[in-house]
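Chains as they are written, first to last, in this note's numbering: chain P, 3 to 155; chain H, 3 to 155; chain L, 84 to 494; chain V, 84 to 494.
The set of hints was computed from the structure by calculation and includes no laboratory data. Wrong hints could be hidden among the right ones.
Now the in silico label distances, taken between C-beta atoms and shown as ranges [what the hints assert, rightly or not]:
1. P:Asp33 / V:Ala273: 54 to 60 Å
2. V:Ala194 / L:Pro109: 37 to 43 Å
3. V:Gly493 / P:Gly105: 26 to 32 Å
4. L:Asp417 / V:Asp296: 55 to 61 Å
5. V:Pro235 / P:Gln104: 39 to 45 Å
6. H:His39 / L:Leu157: 47 to 53 Å
7. P:Gly105 / L:Thr247: 21 to 27 Å
8. L:Leu157 / P:Gly105: 14 to 20 Å
9. V:Pro294 / L:Glu299: 33 to 39 Å
10. L:Thr247 / H:Ile17: 43 to 49 Å
11. V:Gly348 / H:Gln58: 36 to 42 Å
12. L:Thr247 / V:Arg223: 26 to 32 Å
13. V:Ala194 / L:Gly225: 15 to 21 Å
Using N, Cα and C, we set each Cβ at its ideal position, and we do this for glycine too.
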Amino acid sequence: MAADAQNMDALYQEIILDHYKRPHGAGLRDDGDAEVHHVNPTCGDEITLRVHLDGQTVRDVSYHAEGCSISQASASVLNDLVVGQPVDRSLQVLDEFQRLMQGKGQVEADEDVLEDGIAFAGVAQFPARVKCALLSWMAFKDAVAQATGKDQA
Amino acid sequence: MAADAQNMDALYQEIILDHYKRPHGAGLRDDGDAEVHHVNPTCGDEITLRVHLDGQTVRDVSYHAEGCSISQASASVLNDLVVGQPVDRSLQVLDEFQRLMQGKGQVEADEDVLEDGIAFAGVAQFPARVKCALLSWMAFKDAVAQATGKDQA
Amino acid sequence: MAAAYDVARVREDFPILQRRLAGDLPLVYLDSANTSQKPRQVVDAIDAHYLAHNANVSRAMHQLGAEATEGFELGRTKVAEFIKAPRREEVVFTKNASEALNLVARVLGDAGRVREGDEIVISQMEHHSNIVPWQQLSQRTGATLRWFGITPEGRLDLENDPITERTKVVSITWVSNMLGTINPVQQVIARAREVGALVVIDASQAVPQIPVDVAELGADFVAFTSHKMVGPTGIGVLWGRYDLLAELPPFLGGGEMIATVTMEGSTYAEPPARFEAGTPPIAQSVGLGAAVDYLTELGMQNVAAHEQAITAYALERMLEIDGLRVVGPQEAVDRGGAISFTLEGIHPHDVAQLLDSRGIAVRAGHHCAKPAHLLFGVQSTTRASFYLYTTEAEIDALVDGIRHTQKYFGA
Amino acid sequence: MAAAYDVARVREDFPILQRRLAGDLPLVYLDSANTSQKPRQVVDAIDAHYLAHNANVSRAMHQLGAEATEGFELGRTKVAEFIKAPRREEVVFTKNASEALNLVARVLGDAGRVREGDEIVISQMEHHSNIVPWQQLSQRTGATLRWFGITPEGRLDLENDPITERTKVVSITWVSNMLGTINPVQQVIARAREVGALVVIDASQAVPQIPVDVAELGADFVAFTSHKMVGPTGIGVLWGRYDLLAELPPFLGGGEMIATVTMEGSTYAEPPARFEAGTPPIAQSVGLGAAVDYLTELGMQNVAAHEQAITAYALERMLEIDGLRVVGPQEAVDRGGAISFTLEGIHPHDVAQLLDSRGIAVRAGHHCAKPAHLLFGVQSTTRASFYLYTTEAEIDALVDGIRHTQKYFGA
Ligand SMILES: Cc1ncc(COP(=O)(O)O)c(C=O)c1O
Ligand SMILES: Cc1ncc(COP(=O)(O)O)c(C=O)c1O
Chain P
3 MAADAQNMDA
13 LYQEIILDHY
23 KRPHGAGLRD
33 DGDAEVHHVN
43 PTCGDEITLR
53 VHLDGQTVRD
63 VSYHAEGCSI
73 SQASASVLND
83 LVVGQPVDRS
93 LQVLDEFQRL
103 MQGKGQVEAD
113 EDVLEDGIAF
123 AGVAQFPARV
133 KCALLSWMAF
143 KDAVAQATGK
153 DQA
Chain H
3 MAADAQNMDA
13 LYQEIILDHY
23 KRPHGAGLRD
33 DGDAEVHHVN
43 PTCGDEITLR
53 VHLDGQTVRD
63 VSYHAEGCSI
73 SQASASVLND
83 LVVGQPVDRS
93 LQVLDEFQRL
103 MQGKGQVEAD
113 EDVLEDGIAF
123 AGVAQFPARV
133 KCALLSWMAF
143 KDAVAQATGK
153 DQA
Chain L
84 MAAAYDVARV
94 REDFPILQRR
104 LAGDLPLVYL
114 DSANTSQKPR
124 QVVDAIDAHY
134 LAHNANVSRA
144 MHQLGAEATE
154 GFELGRTKVA
164 EFIKAPRREE
174 VVFTKNASEA
184 LNLVARVLGD
194 AGRVREGDEI
204 VISQMEHHSN
214 IVPWQQLSQR
224 TGATLRWFGI
234 TPEGRLDLEN
244 DPITERTKVV
254 SITWVSNMLG
264 TINPVQQVIA
274 RAREVGALVV
284 IDASQAVPQI
294 PVDVAELGAD
304 FVAFTSHKMV
314 GPTGIGVLWG
324 RYDLLAELPP
334 FLGGGEMIAT
344 VTMEGSTYAE
354 PPARFEAGTP
364 PIAQSVGLGA
374 AVDYLTELGM
384 QNVAAHEQAI
394 TAYALERMLE
404 IDGLRVVGPQ
414 EAVDRGGAIS
424 FTLEGIHPHD
434 VAQLLDSRGI
444 AVRAGHHCAK
454 PAHLLFGVQS
464 TTRASFYLYT
474 TEAEIDALVD
484 GIRHTQKYFG
494 A
Chain V
84 MAAAYDVARV
94 REDFPILQRR
104 LAGDLPLVYL
114 DSANTSQKPR
124 QVVDAIDAHY
134 LAHNANVSRA
144 MHQLGAEATE
154 GFELGRTKVA
164 EFIKAPRREE
174 VVFTKNASEA
184 LNLVARVLGD
194 AGRVREGDEI
204 VISQMEHHSN
214 IVPWQQLSQR
224 TGATLRWFGI
234 TPEGRLDLEN
244 DPITERTKVV
254 SITWVSNMLG
264 TINPVQQVIA
274 RAREVGALVV
284 IDASQAVPQI
294 PVDVAELGAD
304 FVAFTSHKMV
314 GPTGIGVLWG
324 RYDLLAELPP
334 FLGGGEMIAT
344 VTMEGSTYAE
354 PPARFEAGTP
364 PIAQSVGLGA
374 AVDYLTELGM
384 QNVAAHEQAI
394 TAYALERMLE
404 IDGLRVVGPQ
414 EAVDRGGAIS
424 FTLEGIHPHD
434 VAQLLDSRGI
444 AVRAGHHCAK
454 PAHLLFGVQS
464 TTRASFYLYT
474 TEAEIDALVD
484 GIRHTQKYFG
494 A
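Just need the whole structure built from these sequences, with the hints factored in.
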C-alpha cells in the first residue's frame, strides 16, 4: 500500500477524470419507482438517486450527486453499466464492482462485466476512498430493493 | 513512605488497639440534638453518631460504629476528647486532629490538645487509612453543625 | 496446573510482577478481580500506536489516519473474534463495563421497551454497576426491579425465580466478582426467553477467565471491560445482537454517531458508530486488541484451567485456617478465581493492611456488592483474586500472611 | 515566532514527526485540530504507570493501589491547576469532550433545570458534539433550541442575539474547530448572566492553544478533551462549579459513584466521584497529567503566540493562491490555528488526497460542523490545522502542495 499512497495516477485514471468532468445521465428525472438519499457520514458527500424500472428492466437511473471526483465518476459509470439491463444482471454488475472495491487491490475484475468500471481498480488500494466509489452503488442497491419490494439485503 | 508500609507498629499503636478493643462511650444514647450517618464509600464502614449539647457544651457524643480498628479507636478517642468541652473548643480539637491526619506524617501534633489522639500520627503515613481515622470526626463536625443550626463548613 | 501452561514463562511478560515493595519485599498481587496487570506486549502496542501511527480515525483520509483507523478497527475485529460475535459491527466500544450497562438501560428506556408496570430482573450478587443503572431506569419509567436471591452456599437461587410474564429485561452477572460463583447463565437465558424478556449478561469477570462464545450463549447484550483482561483502562465493550442494536435509539450524541446534522434535527449512523459519540478510545482499542492476542496465544482453555487449579489450591489451603470463613462457594466447581473471606475478630481493613505490610495486595471492602454483603451478614470482606500469572507460592504467602495477621491481632 | 520558543527543539519530543511516509516522504502533519501528536514524555508516563504502578484506584488499600490512586488523582490536580479551577473536585473525568457535553445536557434535564417552554441557545458554528446533545435534550423536554448565527466573516453574530428571558442554558464553543474563530465568550457569558442562564463552554479547541482560567471566565461548565492537547485518547474533562455539581443528580450509575447501595435504592457520592461511574481512565489521567506538565513547561503563552504566528503566516501564504477561499476569518486576529478552505473546481477529498500523496496530512469533510458548512454554502472543506510543533516550512509545503493539486486537476 505504501507506494500507492503516492501514485495518484493509479487512483485518478483518465477514465475516472473524464466521467467526473462529463458525468453520464446526471440529473433527477421524473417518475422513478423509488428514490433514495444516501450520505457518506465521513465527509458529507450525498447522492439522491432514482431507479426507473420497466418490468424487469432498469429503464433509467437518474441522480443528483454532490461529492468528490471518485464518487461522481462512479455514479456516471453506474449509469452506463445498468441502464437498459435486466434488474438481475444489474445486481450482478453491482456484486462484481463491490468485489473489486473491497479487494484491497488484490482482485482481478472482469472487464467484460465492468467496462469503464475497471478503472476503479486503483481506488481499491485507498481504503478511505472505497466508500466514495461505492456511495452511488449502495444507493442503487437500496433503491432497487425498494422498487422491487424486497428488503435491503 | 516506602518503609512505613511495612511498619505495622507505627500504625497499630498499643493505644489504638486498646481503644479498639474497649471503646469509650460506644452505643447510641437518647435525646441527642442531632444524629448523622456517615459512610466511607471506599470500604463501606459506617457510623451513626449523635451529639448531645448542653448550651455551649458538648454533654455527650454517642455512636454506633462498624468499621476497622482505626475507625473504631478514633471514635473512642473522639469521645474522650470532646465530651464535657465547650463546642468551640471541641472544634479546635477537631481541627488539630484533622491537621495531623492530613499532614502525611510530616506534622507534629500538640499532645496537650490531642492526648491519646497523637497515637494516630502513624496513620497519617497511610493515605488509604486517613479516611478511616477521620470518619467519626467528620460525622461529629456534621452533627455539631446541624445541632447548632450552622451549615456544614 | 495444566502441563502446557508455564506460569513462570507467563510472568516474564509482566514486568510489574518483578516489583519490590516497601522493605524490598516482592509483590504478591492477588487483586486481579479489581484490575489485571498488563503484559509488555500490550504496553508496547500502545506505545507503537502513539509514537508512529497516531491520528484521529474515520474522519481522517491521510496515510496516518488510515493507519490509525486500521489499528482501531482491527481492535474491534479481534474482540469480535475473541467472543465469537457473528458480526464485528456488534462490538460497541464504551469507556468501561459500567458505561456499557448504562447504555443498555438508557436506550431500552428511551425506546419504550421498559415501561411503567414492567419488571426488570437482576440478582443480589450483582456488582453496583449492574444494579444502579436498573434502579435509575425503574425510577425513570415506573418499572419494578425484582431480584434473584442467593443460596447460603453462594449460588444463584433458581428455585425462587422472580421472572414473570411482566419481565422485560433480565440482567445477570456471569461470574460474581465477590462470591466467585460462575452462574448457570444458559438456564437464566432460557427462562427469560420463555417470557420474551431481553437478556443482558455482565461478563466483566467472565471474559477474562473463561472462553466465551456469544453466538452460542444466546443473550441479547454482553458487557465487559478491558482492564480486567490484561488490556488498558479507558475502554469497555458492549456486544449486542445486530438487529437489536440497529433498532435502538442512540445513547450519547455528537461527532461520529450521526448520519447527518441539520438545525432542524439529526439522523443517526448504523451500529456500532451510533453508540460511539466523539473520538473513541483509539489507542485503547489497539491495546485491547493486543490483550486479546495475548490471551488467544495462551489459549483461553489454558487460562481457565489455570484459574480453576489455582482456585482449588487456594480454597483448600485457606479453609485449613481456623476462624476463616469463605463467603461464597467453598468448592472449586463452577467457581472463578475470587475468594472473599472474613477472619473472626479482625476487620477486613486490618487484614488487608497486615497483608500489604508483607507485600501481598488484596482488596478489603464491599467490592461494589453491598447487597450481597448484607445478605451474608457482613459489612465487608477481604478478597484475594487470582489470574493467569498467579502461582501456588503466592497462595502460600497469602496463607502465611493470614496466620501472621491472626497472631498480630491476637485473634 | 517568539524568540524563546524553539520549534525545532519541541519537535524532537515527538518521534512521529520523524516518520517517513509512502515514497520515503517526510510527514507534514497539519491535522492537529482533529487530534494532536503526543510527545515521548506522555507516552513514557503511561508506560511507567502500566509497568510499575498499575492497580485499580480508590478501592484498593495496598501499596500499588495507593500509587495508582496517587497517580490518577495527581492527574486531576494537574488539570485543575492548568485551568485554574478553584477546587480540584471540580474536575470530572469523562471519556472525551462529547461525553462531558452529554453529561451536562442529561443531568440538567434530569434535574428539571430545562423544561418544556424553556430555551436552549447554541450557535451555528458548534461541533456536532455541542449540537446533538442539546437537540436530544430539546426532544426529551420540549424545550426550544435557538441559535446564534455567524457573520459572513465567520464571527459569532452578537447583533442578532437569541438569548431571552426564557433561556435556561447557553452552550457555545470558545474556538471553532472549523472556522478557527476565537469567540468573545466573556460577552456571551455576561449576556447569559443577565437572564440567569447557565453557561457551558466547549473549550475542546481552546484549552490546547490558549491559556485558560476558568475562575476568571465565569462559566458554569467547561468541556475539553485530552487527545487534542498532546494527551492520550480515552479521557476528557468536564469542569463544573462545585456548588452546581453538588446539586445535580448523577449521570451514569455504578461502582465508584455511590455512597451506599441497597436493594431499596442508592445514594450518591460527592462530586467528582458522583459523575465517574466505574473504573475511571486511570492510565489516561496519568498521561493527561504528563501532557499538562508538558504544556506548562513550554508555557501556554508561548504556545498561543506560536499558534498565532504560524496561523498568520499560513493565512498570508494561502490567500496568495488563486481560487482558494478561506471559510472563516481571513485575519489572524482572535483566530485559532485551523484554516478551512475550498479550491475552485476541486472537491476537498481530492485536494486532501493529492496533498496526502506528498505526505501532507490535512482533513477533508464537514469537520463535524454541518450547519456551519451549510451556512457558507459548501458541503465540505479542506482543513489545515496547526499546533505547537508546526513550522513555516510545513506551511510552505502545504502551499506548494495546493498549487500542485490545482495543476493536477487542471483547475
Ligand atoms: C470544538 C469541538 N468540540 C467537541 C469536540 C469533540 O471532542 P471529542 O471527539 O474528543 O469528544 C471536538 C473535536 O472533535 C471539537 O473540535
Ligand atoms: C462483575 C462486575 N461488573 C461490572 C464491573 C465494572 O467494571 P468497570 O469498573 O470497568 O466499569 C466490575 C468491575 O469492577 C465487575 O467485577
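Evaluation of the provided hints:
For the pair P:Asp33 and V:Ala273, the beta carbons lie near 57 Å from each other, so the given range of 54 to 60 Å is met. Against the hinted window of 37 to 43 Å, the Cβ-Cβ separation of V:Ala194 and L:Pro109 comes to about 50 Å, which falls outside the hint. The given range of 26 to 32 Å is respected by V:Gly493 and P:Gly105, whose C-beta atoms sit roughly 30 Å from each other. Checked against the hint of 55 to 61 Å, the pair L:Asp417 and V:Asp296 passes, with Cβ atoms roughly 57 Å apart.
Between V:Pro235 and P:Gln104 the C-beta distance comes to about 43 Å, which sits within the given range of 39 to 45 Å. Taken as a hint, the range 47 to 53 Å holds for the pair H:His39 and L:Leu157, whose Cβ atoms sit roughly 51 Å apart. As the Cβ distance of P:Gly105 to L:Thr247 is approximately 53 Å, the hint placing it in 21 to 27 Å is violated. Restraint check, L:Leu157 to P:Gly105: a C-beta distance of roughly 18 Å satisfies the suggested window 14 to 20 Å.
A hinted range of 33 to 39 Å is violated for the C-beta pair V:Pro294 and L:Glu299, which are about 56 Å apart. For L:Thr247 paired with H:Ile17, a C-beta distance near 57 Å fails the hint of 43 to 49 Å. With their beta carbons about 38 Å apart, V:Gly348 and H:Gln58 fall inside the hinted range of 36 to 42 Å. Between L:Thr247 and V:Arg223 the CB atoms are about 30 Å apart, so this pair conforms to the stated range of 26 to 32 Å.
Our hint of 15 to 21 Å for V:Ala194 and L:Gly225 holds, since their Cβ atoms are close to 19 Å apart.
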